[in-house]
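**Q** Starting from the given sequences, assemble the full structure and let the hints guide the process.
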Amino acid sequence: MLKKYISFFFIQLKSAVLLLPKLCLILGFCLVFVFGIIEAGRELFKQPDEIKIPVALVLPEDDAYAELAFSFLERMESIRSTCAFERTDRENALALLKTGKVYAVILIPDSFIEHILNGTNSSATLILPNQGSLEAMLFATLADAGTSTLSTAQAGIYAVEDVLISYEKWNTISKVEEELNKLYLSYALNRDRMFQTTTVSATDNLSLTDYCLCSGIVLFLLLSGIAGFSYFRAESAGLRLLLDRQGLSGILVFLLKLSAISIVYTIILFPLSVITGILPLSALGHFFLLVLSAQAILMLFGMLCPHTGNYYIITAALSIICLFLSGAFLPSVFLPEAVRDFGNLLPTAFLLKLCRGML
Amino acid sequence: MKRFLLLCKRQLIQPVFLLLCLFLPFSCLFIRKLEQNSASSLYIGLYAKEPDALTDACFSELKDNSKSLVFQIYTDEEMMRNDVAKAALDCAYAFDKGFHARLLEKDYKNSITCYVSASTVMDDLSREVVFSALFRVFGEDIAVTYAGRAGIFEAAQTGTAVQEIAELYHSYADGQEVFTLDYQYLNTLAEEPSNSAPSAVAMPVRGLIAVLLFISGLAGGVTCLSDREKKLPVSSIYSISIPLLFMAASSLVTLWLTKEAGSFIKELTALLLYMLLILLFVRLLLVIIKKPALLSASIPVFALGSLIFCPIFINLGAVLPFFSVMEKLFLPYYYLLLS
Chain A
1 MLKKYISFFF
11 IQLKSAVLLL
21 PKLCLILGFC
31 LVFVFGIIEA
41 GRELFKQPDE
51 IKIPVALVLP
61 EDDAYAELAF
71 SFLERMESIR
81 STCAFERTDR
91 ENALALLKTG
101 KVYAVILIPD
111 SFIEHILNGT
121 NSSATLILPN
131 QGSLEAMLFA
141 TLADAGTSTL
151 STAQAGIYAV
161 EDVLISYEKW
171 NTISKVEEEL
181 NKLYLSYALN
191 RDRMFQTTTV
201 SATDNLSLTD
211 YCLCSGIVLF
221 LLLSGIAGFS
231 YFRAESAGLR
241 LLLDRQGLSG
251 ILVFLLKLSA
261 ISIVYTIILF
271 PLSVITGILP
281 LSALGHFFLL
291 VLSAQAILML
301 FGMLCPHTGN
311 YYIITAALSI
321 ICLFLSGAFL
331 PSVFLPEAVR
341 DFGNLLPTAF
351 LLKLCRGML
Chain B
1 MKRFLLLCKR
11 QLIQPVFLLL
21 CLFLPFSCLF
31 IRKLEQNSAS
41 SLYIGLYAKE
51 PDALTDACFS
61 ELKDNSKSLV
71 FQIYTDEEMM
81 RNDVAKAALD
91 CAYAFDKGFH
101 ARLLEKDYKN
111 SITCYVSAST
121 VMDDLSREVV
131 FSALFRVFGE
141 DIAVTYAGRA
151 GIFEAAQTGT
161 AVQEIAELYH
171 SYADGQEVFT
181 LDYQYLNTLA
191 EEPSNSAPSA
201 VAMPVRGLIA
211 VLLFISGLAG
221 GVTCLSDREK
231 KLPVSSIYSI
241 SIPLLFMAAS
251 SLVTLWLTKE
261 AGSFIKELTA
271 LLLYMLLILL
281 FVRLLLVIIK
291 KPALLSASIP
301 VFALGSLIFC
311 PIFINLGAVL
321 PFFSVMEKLF
331 LPYYYLLLS
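Chains A and B, in that order, give the protein sequences.
At position 131 of the first sequence the residue is numbered 131 (my numbering), and the sequence of numbers has no breaks.
At position 280 of the second sequence the residue is numbered 280 (my numbering), and the sequence of numbers has no breaks.
In short, the hints are calculated from the structure, not lab data.
These numbers were taken from a predicted model, which means no experiment stands behind them.
Be aware that one or more of the hints could be misleading.
Derived Cβ-Cβ restraints for the label pairs, each shown as a range [unchecked claim]:
{"no.": "1", "chain 1": "A", "residue 1": "A95", "chain 2": "B", "residue 2": "A166", "range": "43 to 49 Å"}
{"no.": "2", "chain 1": "B", "residue 1": "D76", "chain 2": "A", "residue 2": "V17", "range": "54 to 60 Å"}
{"no.": "3", "chain 1": "A", "residue 1": "S166", "chain 2": "B", "residue 2": "A53", "range": "24 to 30 Å"}
{"no.": "4", "chain 1": "A", "residue 1": "I268", "chain 2": "B", "residue 2": "A39", "range": "18 to 24 Å"}
{"no.": "5", "chain 1": "B", "residue 1": "L18", "chain 2": "A", "residue 2": "R42", "range": "43 to 49 Å"}
{"no.": "6", "chain 1": "B", "residue 1": "P51", "chain 2": "A", "residue 2": "S201", "range": "26 to 32 Å"}
{"no.": "7", "chain 1": "A", "residue 1": "K52", "chain 2": "B", "residue 2": "G151", "range": "22 to 28 Å"}
{"no.": "8", "chain 1": "A", "residue 1": "E61", "chain 2": "B", "residue 2": "L19", "range": "55 to 61 Å"}
{"no.": "9", "chain 1": "B", "residue 1": "V287", "chain 2": "A", "residue 2": "F254", "range": "36 to 42 Å"}
{"no.": "10", "chain 1": "B", "residue 1": "D52", "chain 2": "A", "residue 2": "L300", "range": "33 to 39 Å"}
In the SDA-like style, the derived pairs of lysine to any residue whose C-alpha atoms are separated by at most 20 Å in a straight line are [unchecked claim]:
{"no.": "11", "chain 1": "B", "residue 1": "K109", "chain 2": "A", "residue 2": "T197"}
{"no.": "12", "chain 1": "A", "residue 1": "K182", "chain 2": "B", "residue 2": "Y146"}
{"no.": "13", "chain 1": "B", "residue 1": "K106", "chain 2": "A", "residue 2": "F195"}
{"no.": "14", "chain 1": "B", "residue 1": "K328", "chain 2": "A", "residue 2": "L183"}
{"no.": "15", "chain 1": "A", "residue 1": "K169", "chain 2": "B", "residue 2": "Y146"}
{"no.": "16", "chain 1": "B", "residue 1": "K230", "chain 2": "A", "residue 2": "P306"}
{"no.": "17", "chain 1": "A", "residue 1": "K182", "chain 2": "B", "residue 2": "V325"}
{"no.": "18", "chain 1": "A", "residue 1": "K98", "chain 2": "B", "residue 2": "L273"}
{"no.": "19", "chain 1": "B", "residue 1": "K109", "chain 2": "A", "residue 2": "L185"}
{"no.": "20", "chain 1": "B", "residue 1": "K67", "chain 2": "A", "residue 2": "T125"}
{"no.": "21", "chain 1": "B", "residue 1": "K109", "chain 2": "A", "residue 2": "T125"}
{"no.": "22", "chain 1": "B", "residue 1": "K230", "chain 2": "A", "residue 2": "T308"}
{"no.": "23", "chain 1": "B", "residue 1": "K33", "chain 2": "A", "residue 2": "N190"}
{"no.": "24", "chain 1": "B", "residue 1": "K63", "chain 2": "A", "residue 2": "T308"}
{"no.": "25", "chain 1": "B", "residue 1": "K109", "chain 2": "A", "residue 2": "F195"}
{"no.": "26", "chain 1": "B", "residue 1": "K109", "chain 2": "B", "residue 2": "T55"}
{"no.": "27", "chain 1": "B", "residue 1": "K97", "chain 2": "B", "residue 2": "D141"}
{"no.": "28", "chain 1": "B", "residue 1": "K86", "chain 2": "A", "residue 2": "F350"}
{"no.": "29", "chain 1": "B", "residue 1": "K328", "chain 2": "A", "residue 2": "A40"}
{"no.": "30", "chain 1": "A", "residue 1": "K353", "chain 2": "B", "residue 2": "A87"}
{"no.": "31", "chain 1": "A", "residue 1": "K98", "chain 2": "B", "residue 2": "L268"}
{"no.": "32", "chain 1": "A", "residue 1": "K182", "chain 2": "B", "residue 2": "G148"}
{"no.": "33", "chain 1": "B", "residue 1": "K109", "chain 2": "A", "residue 2": "S186"}
{"no.": "34", "chain 1": "A", "residue 1": "K52", "chain 2": "B", "residue 2": "V325"}
{"no.": "35", "chain 1": "A", "residue 1": "K101", "chain 2": "B", "residue 2": "Q184"}
{"no.": "36", "chain 1": "B", "residue 1": "K49", "chain 2": "A", "residue 2": "R193"}
{"no.": "37", "chain 1": "A", "residue 1": "K175", "chain 2": "B", "residue 2": "G151"}
{"no.": "38", "chain 1": "A", "residue 1": "K52", "chain 2": "B", "residue 2": "P321"}
{"no.": "39", "chain 1": "A", "residue 1": "K169", "chain 2": "B", "residue 2": "G148"}
{"no.": "40", "chain 1": "B", "residue 1": "K86", "chain 2": "A", "residue 2": "L359"}
Yeah, the Cβ is synthetic: ideal placement off N, Cα and C, and Gly gets one too.
**A** Put into structure tokens, the structure is as follows:
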């Protein structure tokens with residue numbers, strides 16, 4: 001009986017080896033992607049000052065005050081180091097936002113600076129990409145903080161001015177305004193001096209690079225399985241009957257097939273991960289378990305879908321949705337709490353956890 | 001036409017495919033409902049070594065008014081550090097002893113310690129949020145201290161004037177007479193601007209649909225090549241468009257259910273154009289690739305490329321030129337542009 005099992009296992013191993021050309025082709029393309037991303041990132045990080053948030057700025061036409069005020073604003077170190085403003089008109093700004101060339105559009109209303117000076121304060125409008133995008137959330141948080149800082153300084157200056165007016169101290173107003181402006185500005189501009197950073201070391205925390213690597217590995221393991229339908233699909237009724245007669249039950253066949261494909265994947269991918277320095281040699285057991293779990297998911301999909309095309313669509317749809325919910329595409333801290341909790345229950349969260357354990 | 005209907009029947013007798021067509025809109029709706037009923041999960045810790053009125057007011061301001069970050073106040077610094085290490089907190093802030101006095105004396109260098117771990121992503125941004133809340137609370141002190149020390153009021157007037165300044169500061173800071181920012185979003189530009197910013201990332205339904213439609217077209221291409229191998233007289237256009245049609249119908253319902261859809265005509269036009277683009281692309285691939293195995297091996301490459309390079313989860317094309325070139329090689333980019 002054992003001999004039958006071993007023979008069947010070797011047949012499955014042979015079938016799994018036949019998937020190698022496809023696997024190598026996918027792996028080759030993925031390596032080209034990764035190499036491109038690393039090179040692009042390296043080029044950019046040679047000049048970190050070049051990484052700026054592109055923002056389109058729409059100023060009112062022929063408003064010299066607004067022009068002057070924003071040219072000062074652009075020269076402020078904190079703004080200059082994070083944002084790159086592109087002055088344009090409303091239509092072009094919206095076109096740039098739509099095509100993803102800028103992350104946000106700031107629309108300044110007519111007579112904006114005069115309104116600030118006379119206390120009318122018409123609101124500026126911040127147009128963000130579609131609600132719920134990461135860029136919108138991050139930029140809005142930054143803009144909210146900036147708005148609050150600016151309005152605090154205004155509230156302080158207006159309060160003192162109003163009291164000076166009520167005490168009829170007309171001559172001191174401009175001097176006080178200037179001094180208070182400087183005072184508020186000195187706190188705002190020196191805010192970085194207030195903070196010191198201490199890194200708390202922890203064993204299970206991943207850096208951004210490790211996080212991307214981890215997500216990439218799991219994404220590759222699941223999506224590369226799309227090409228392996230011929231291996232993953234359920235046996236035909238005739239073959240099933242034949243296997244039953246030989247004493248090879250459905251569960252046994254599943255386990256033997258699973259082991260065979262996992263061994264082939266591990267033989268190909270693990271040495272590559274060790275050579276490139278991604279994984280230590282000691283992570284072999286962990287890696288095999290990760291591959292085994294991913295292939296088990298793919299085999300279940302294969303058993304559910306007897307039709308080739310449907311298998312591709314279902315594998316892709318379920319993998320992408322589950323990976324998003326488990327925090328593979330964006331760190332799960334950016335997801336709403338209920339979504340994060342739900343995502344943690346999915347099998348993809350288990351895969352990601354296994355992968356994180358290796359790095 | 002009869003052949004087209006027969007092929008549709010072949011597609012529809014697969015219960016799993018039908019289930020997926022139903023699963024997609026309802027799962028997206030379920031996730032959207034989860035998102036709507038949930039707060040942000042970006043936790044930031046706060047701790048004051050010597051709590052006083054300023055730190056208490058600052059912590060309350062952060063706890064009550066922050067939209068995208070959830071602030072948790074600690075009474076034990078070590079516990080807070082451990083929570084950062086365990087990634088229960090993204091990062092944490094500890095305010096030094098005598099913080100208020102140091103601020104007043106402008107001796108505030110390194111007076112707040114920011115604890116971060118390797119997985120921290122929001123330290124820079126949360127620092128801006130913490131500072132803005134602190135500045136809002138301390139702003140009153142700046143005005144009041146200045147008025148008291150600058151000698152702009154006579155000695156007898158100073159006490160009353162300072163009190164009036166404090167009251168006025170609050171009415172200005174809490175009112176609408178200072179600088180405000182209205183928010184608008186590209187997908188809802190016609191609506192009135194709102195003063196609320198998004199607090200968490202939502203599932204990118206449109207991007208997901210774009211990738212799934214692309215994969216459906218490619219899957220149709222593989223079916224076509226398999227049929228050719230079996231010498232079945234099936235048109236490649238039919239084979240590609242049938243799974244695409246059903247997925248497009250499911251996608252349209254998904255967009256409508258999740259309230260992502262704009263006008264019906266606009267959505268339909270964008271979907272039809274995108275389907276046409278996929279049809280042409282896959283038809284072209286079928287001219288080059290004759291083996292179903294090879295085409296099936298290309299599906300993960302197209303799926304991975306679309307997910308990484310197209311602005312589905314994050315738009316890196318605006319800052320990384322490599323991405324802005326690569327995104328154009330994958331069709332989902334054009335659907336996102338069209339809609």
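**Q** Next, verify each hint and record whether it holds.
**A** Tested hints:
{"no.": "1", "hint": "A/A95 x B/A166: 43 to 49 Å", "in the structure": "holds, 48 Å"}
{"no.": "2", "hint": "B/D76 x A/V17: 54 to 60 Å", "in the structure": "holds, 57 Å"}
{"no.": "3", "hint": "A/S166 x B/A53: 24 to 30 Å", "in the structure": "holds, 27 Å"}
{"no.": "4", "hint": "A/I268 x B/A39: 18 to 24 Å", "in the structure": "violated, 44 Å"}
{"no.": "5", "hint": "B/L18 x A/R42: 43 to 49 Å", "in the structure": "holds, 48 Å"}
{"no.": "6", "hint": "B/P51 x A/S201: 26 to 32 Å", "in the structure": "holds, 28 Å"}
{"no.": "7", "hint": "A/K52 x B/G151: 22 to 28 Å", "in the structure": "violated, 44 Å"}
{"no.": "8", "hint": "A/E61 x B/L19: 55 to 61 Å", "in the structure": "holds, 57 Å"}
{"no.": "9", "hint": "B/V287 x A/F254: 36 to 42 Å", "in the structure": "holds, 39 Å"}
{"no.": "10", "hint": "B/D52 x A/L300: 33 to 39 Å", "in the structure": "violated, 59 Å"}
{"no.": "11", "hint": "B/K109 x A/T197", "in the structure": "holds, 12 Å"}
{"no.": "12", "hint": "A/K182 x B/Y146", "in the structure": "holds, 12 Å"}
{"no.": "13", "hint": "B/K106 x A/F195", "in the structure": "holds, 14 Å"}
{"no.": "14", "hint": "B/K328 x A/L183", "in the structure": "violated, 49 Å"}
{"no.": "15", "hint": "A/K169 x B/Y146", "in the structure": "holds, 16 Å"}
{"no.": "16", "hint": "B/K230 x A/P306", "in the structure": "holds, 17 Å"}
{"no.": "17", "hint": "A/K182 x B/V325", "in the structure": "violated, 45 Å"}
{"no.": "18", "hint": "A/K98 x B/L273", "in the structure": "holds, 18 Å"}
{"no.": "19", "hint": "B/K109 x A/L185", "in the structure": "holds, 16 Å"}
{"no.": "20", "hint": "B/K67 x A/T125", "in the structure": "holds, 18 Å"}
{"no.": "21", "hint": "B/K109 x A/T125", "in the structure": "violated, 35 Å"}
{"no.": "22", "hint": "B/K230 x A/T308", "in the structure": "holds, 14 Å"}
{"no.": "23", "hint": "B/K33 x A/N190", "in the structure": "violated, 42 Å"}
{"no.": "24", "hint": "B/K63 x A/T308", "in the structure": "violated, 52 Å"}
{"no.": "25", "hint": "B/K109 x A/F195", "in the structure": "holds, 7 Å"}
{"no.": "26", "hint": "B/K109 x B/T55", "in the structure": "holds, 17 Å"}
{"no.": "27", "hint": "B/K97 x B/D141", "in the structure": "holds, 18 Å"}
{"no.": "28", "hint": "B/K86 x A/F350", "in the structure": "holds, 18 Å"}
{"no.": "29", "hint": "B/K328 x A/A40", "in the structure": "holds, 16 Å"}
{"no.": "30", "hint": "A/K353 x B/A87", "in the structure": "holds, 14 Å"}
{"no.": "31", "hint": "A/K98 x B/L268", "in the structure": "holds, 19 Å"}
{"no.": "32", "hint": "A/K182 x B/G148", "in the structure": "holds, 17 Å"}
{"no.": "33", "hint": "B/K109 x A/S186", "in the structure": "holds, 13 Å"}
{"no.": "34", "hint": "A/K52 x B/V325", "in the structure": "holds, 18 Å"}
{"no.": "35", "hint": "A/K101 x B/Q184", "in the structure": "holds, 18 Å"}
{"no.": "36", "hint": "B/K49 x A/R193", "in the structure": "holds, 19 Å"}
{"no.": "37", "hint": "A/K175 x B/G151", "in the structure": "holds, 12 Å"}
{"no.": "38", "hint": "A/K52 x B/P321", "in the structure": "holds, 13 Å"}
{"no.": "39", "hint": "A/K169 x B/G148", "in the structure": "holds, 15 Å"}
{"no.": "40", "hint": "B/K86 x A/L359", "in the structure": "holds, 16 Å"}
Going through the hint list in order, the structure does not satisfy hints 4, 7, 10, 14, 17, 21, 23 and 24.
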